[in-house]
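Those protein sequence lines, which keep their order, are chains A and B. Heads up: the first sequence begins at 1 in full-length UniProt numbering, then just goes up one per residue. Heads up: the second sequence begins at 1 in full-length UniProt numbering, then just goes up one per residue.
Just to be clear, a hint being listed does not mean it is correct.
[To be verified] Which residues of chain B face chain A? A partial, calculated answer using Cβ under 8 Å: (1) 56; (2) 105; (3) 149; (4) 151.
[Unchecked claim] Interface residues of chain B toward chain A, partial, derived using beta-carbon atoms under 8 Å: (5) 54; (6) 84; (7) 85; (8) 87; (9) 88; (10) 93; (11) 95; (12) 100; (13) 101; (14) 103; (15) 104; (16) 118.
The set of hints was computed from the structure by calculation and includes no laboratory data. Just so you know, these numbers come straight off a predicted model, no measurement behind them. By construction, the Cβ of each residue, glycine as well, lies at the ideal position given by its N, Cα and C atoms.
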Amino acid sequence: MRWAFLARRLGFYLAAAAAAIGLNFLLPRLMPGDPSSAIVEELERVSGQQVPAETLMSIRAIFGNPHANLAQQFADYLRQLSHGDLGVSVVNFPVPVADLVWQALPWTLLLVGTTTITAFAIGTLLGVVAGWKAGSRLDAILTPFTTFLSSVPYFWVALLALWIFGFVLGWTPLSGGYDADLPQGFSLAYAVSVLHHGVLPAATIVFSAFGGWLLGMRNMTVTTVREDYVLLAQAKGLSPRRVMFRYAARNAMLPSFTGFAMALGGVVGGALLTEIVFSYPGIGYLLYESLQKRDYPMMQGVFLLITLAVLLANLVADLAYVLLDPRIRARG
Amino acid sequence: MSVLTVEGLTVDYVSGERPVRACDDVTFELRQGEILGVAGESGSGKSTLITALTRLQRPPAVTTAGRIEFRGTDLVSLNADELRKLRWTSLAIVLQSAMDALNPVMRVGAQFVDVLRSHDKTLGNKDAWAKAADLLGMVGISADRVRSYPHELSGGMRQRASIALALACGPELVVMDEPTTAVDVVMQRQILAQVLRLRRELGFAVVFVTHDLSLLLELADRIAIMYGGRIVEIGTAESLYTKPRHPYTRGLRDSFPPLRSPLRKLTGIPGSPPDLRNPPPGCPFHPRCADRFDGCDEQRPELLTIEDHADHTVACRLYPSGDDQL
Ligand SMILES: Nc1ncnc2c1ncn2[C@@H]1O[C@H](COP(=O)(O)OP(=O)(O)O)[C@@H](O)[C@H]1O
Ligand SMILES: [Mg+2]
Numbered sequence: 001m002r003w004a005f006l007a008r009r010l011g012f013y014l015a016a017a018a019a020a021i022g023l024n025f026l027l028p029r030l031m032p033g034d035p036s037s038a039i040v041e042e043l044e045r046v047s048g049q050q051v052p053a054e055t056l057m058s059i060r061a062i063f064g065n066p067h068a069n070l071a072q073q074f075a076d077y078l079r080q081l082s083h084g085d086l087g088v089s090v091v092n093f094p095v096p097v098a099d100l101v102w103q104a105l106p107w108t109l110l111l112v113g114t115t116t117i118t119a120f121a122i123g124t125l126l127g128v129v130a131g132w133k134a135g136s137r138l139d140a141i142l143t144p145f146t147t148f149l150s151s152v153p154y155f156w157v158a159l160l161a162l163w164i165f166g167f168v169l170g171w172t173p174l175s176g177g178y179d180a181d182l183p184q185g186f187s188l189a190y191a192v193s194v195l196h197h198g199v200l201p202a203a204t205i206v207f208s209a210f211g212g213w214l215l216g217m218r219n220m221t222v223t224t225v226r227e228d229y230v231l232l233a234q235a236k237g238l239s240p241r242r243v244m245f246r247y248a249a250r251n252a253m254l255p256s257f258t259g260f261a262m263a264l265g266g267v268v269g270g271a272l273l274t275e276i277v278f279s280y281p282g283i284g285y286l287l288y289e290s291l292q293k294r295d296y297p298m299m300q301g302v303f304l305l306i307t308l309a310v311l312l313a314n315l316v317a318d319l320a321y322v323l324l325d326p327r328i329r330a331r332g
Numbered sequence: 001m002s003v004l005t006v007e008g009l010t011v012d013y014v015s016g017e018r019p020v021r022a023c024d025d026v027t028f029e030l031r032q033g034e035i036l037g038v039a040g041e042s043g044s045g046k047s048t049l050i051t052a053l054t055r056l057q058r059p060p061a062v063t064t065a066g067r068i069e070f071r072g073t074d075l076v077s078l079n080a081d082e083l084r085k086l087r088w089t090s091l092a093i094v095l096q097s098a099m100d101a102l103n104p105v106m107r108v109g110a111q112f113v114d115v116l117r118s119h120d121k122t123l124g125n126k127d128a129w130a131k132a133a134d135l136l137g138m139v140g141i142s143a144d145r146v147r148s149y150p151h152e153l154s155g156g157m158r159q160r161a162s163i164a165l166a167l168a169c170g171p172e173l174v175v176m177d178e179p180t181t182a183v184d185v186v187m188q189r190q191i192l193a194q195v196l197r198l199r200r201e202l203g204f205a206v207v208f209v210t211h212d213l214s215l216l217l218e219l220a221d222r223i224a225i226m227y228g229g230r231i232v233e234i235g236t237a238e239s240l241y242t243k244p245r246h247p248y249t250r251g252l253r254d255s256f257p258p259l260r261s262p263l264r265k266l267t268g269i270p271g272s273p274p275d276l277r278n279p280p281p282g283c284p285f286h287p288r289c290a291d292r293f294d295g296c297d298e299q300r301p302e303l304l305t306i307e308d309h310a311d312h313t314v315a316c317r318l319y320p321s322g323d324d325q326l
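Same shape as in the complex, but just chain A (with noise of 0.2 Å):
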């Protein structure tokens, strides 16, 4: 029953990627005109050189080779992606998408999942309390006060944010992820200087995001403190923090973790606005510079990995989901 489950649920996410991996092969063969002479004419353009053969070949396999036939270029495009090679960014020729999509992705991974497990974190515990004591002047004080900050664009946050940190008070850098002066490595000047440029982002990201999962949680728990279960759970004398937490949070927030689910598989995608108003060196601007400065490459590049991490983080969330509420197991 669970294994079958299981099963179903991995045959869709292999499908889904497979799915995903083909239309990033068809897209750019369907687009009018021949994308991939486009680019090399750009590369040349930007570079004043000639464009070298291997690099020719790796660009026509993932866009398009007007000379071969679609069988042999399918095959040509599978063997290029399993050696991990994205192509050639334009912009910044002659590096590899790959090389620089790898720079980037532990710089998102660091600020936006740490950020996102952060505000889950808080606005599901502010939620509980809130929540059980519904009605209470903690309640009463927090719950509007978080649908007000809810409903403030991120945009305002982070720009007010820069200016006041940033700029009036000095505090925080401008931009940037790292002070370049230092040498990159395991130092404790440059870990320093990463912690410096990255709370204040981490901060607006926290700030604005807590405040959905707080309001999310603290229903659930209104609804989830009418249960027999929980009346039953206080009958029997327990410790009200175990009445509160395996007994009414617990079951409050199933639906949040789907939500915080999605959210994790969101992470690789970068927090776009974030890492643009604070130039902060990680996919989501790495997308901004590609989609600016029209890198078909690169955009492709991205915009596939972003992709399969959703895809991937709906399959754990599917996995934890089943040892969370053992109900689905059931129902498969």
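Position chain B with the ligands against the provided structure of chain A, taking the given hints into account.
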């Protein structure tokens, strides 16, 4: 010796513009090892009484008057910590729907283990699980079910598991709110038989709430009838069932098929229960009562002992100052 003495218990729901009195001046006594059945139509205040008794009520319910004396201590005056020490070791509860009363994300056994260990700090984890399996065995559920989740058990099993759970810490009093409403008749009989057997073996007292009076005949030592938040009649099961005094009790008895005796013609009670937000003056039953007479809509009858039946009281003007007319 009495386990529980309830005196003038009054519970209001204070949500609307006017408080709704769902328990009005409820008084009764429960002796050691006794089973008291409480019957009444839905909306008569049975669950309100149960949650007030066990101090589990939630806003907007407020106990506005009365005493709940449990083994000599007034539960109304205890604080949360003092109450928590009494809970489950002395006072346990079985709720109506076991599906909703068990935590869906915890193994059935774990829901025994946590209460066992929280009231007995010396009990090890392994011993607690073994004890959980024993308790399930007591109600005829095999030991390997201890690791099941609630949804993996049938409705009847869950209900029996809830009863076993209530007995986990050896309580003196178990209150049960319609514990057999969600199961079929066969399972219902099985559960009643088990409750009787366990009571004989373990000697706990029971307050058993149901809307089905016929079911109490086999189970209860004494029966209380609730109507509109008040107790309108209390007597031994035998005397109350064979010779109900209150017209409402009679109506209630005749509207359910008896479990054992031959089928009788069933007659429902015409009309519907009173709206407690706006209760009728006088006797709350008078608008539906075939035997009402002058003054029933003005004077509220008190619970009075029936002459020569020390254990039988009724609140009806047909029996003024205890004259037994029937
Ligand atoms: N949460 C509530 N708010 C207001 N009134 C309530 C609430 N719960 C119950 N009541 C009132 O109390 C009456 C008795 O309800 P309840 O004790 O659940 O009856 P029973 O268990 O006998 O069906 C209801 O008819 C209703 O008028
Ligand atoms: Mg009820």
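Status of each hint after checking the structure:
no.: 1; hint: 56; verdict: holds, 6 Å
no.: 2; hint: 105; verdict: holds, 6 Å
no.: 3; hint: 149; verdict: holds, 4 Å
no.: 4; hint: 151; verdict: holds, 5 Å
no.: 5; hint: 54; verdict: holds, 6 Å
no.: 6; hint: 84; verdict: holds, 4 Å
no.: 7; hint: 85; verdict: holds, 7 Å
no.: 8; hint: 87; verdict: holds, 3 Å
no.: 9; hint: 88; verdict: holds, 5 Å
no.: 10; hint: 93; verdict: holds, 5 Å
no.: 11; hint: 95; verdict: holds, 5 Å
no.: 12; hint: 100; verdict: holds, 4 Å
no.: 13; hint: 101; verdict: holds, 4 Å
no.: 14; hint: 103; verdict: holds, 5 Å
no.: 15; hint: 104; verdict: holds, 6 Å
no.: 16; hint: 118; verdict: holds, 5 Å
Hint check: no violations occur; every hint is consistent with the structure.
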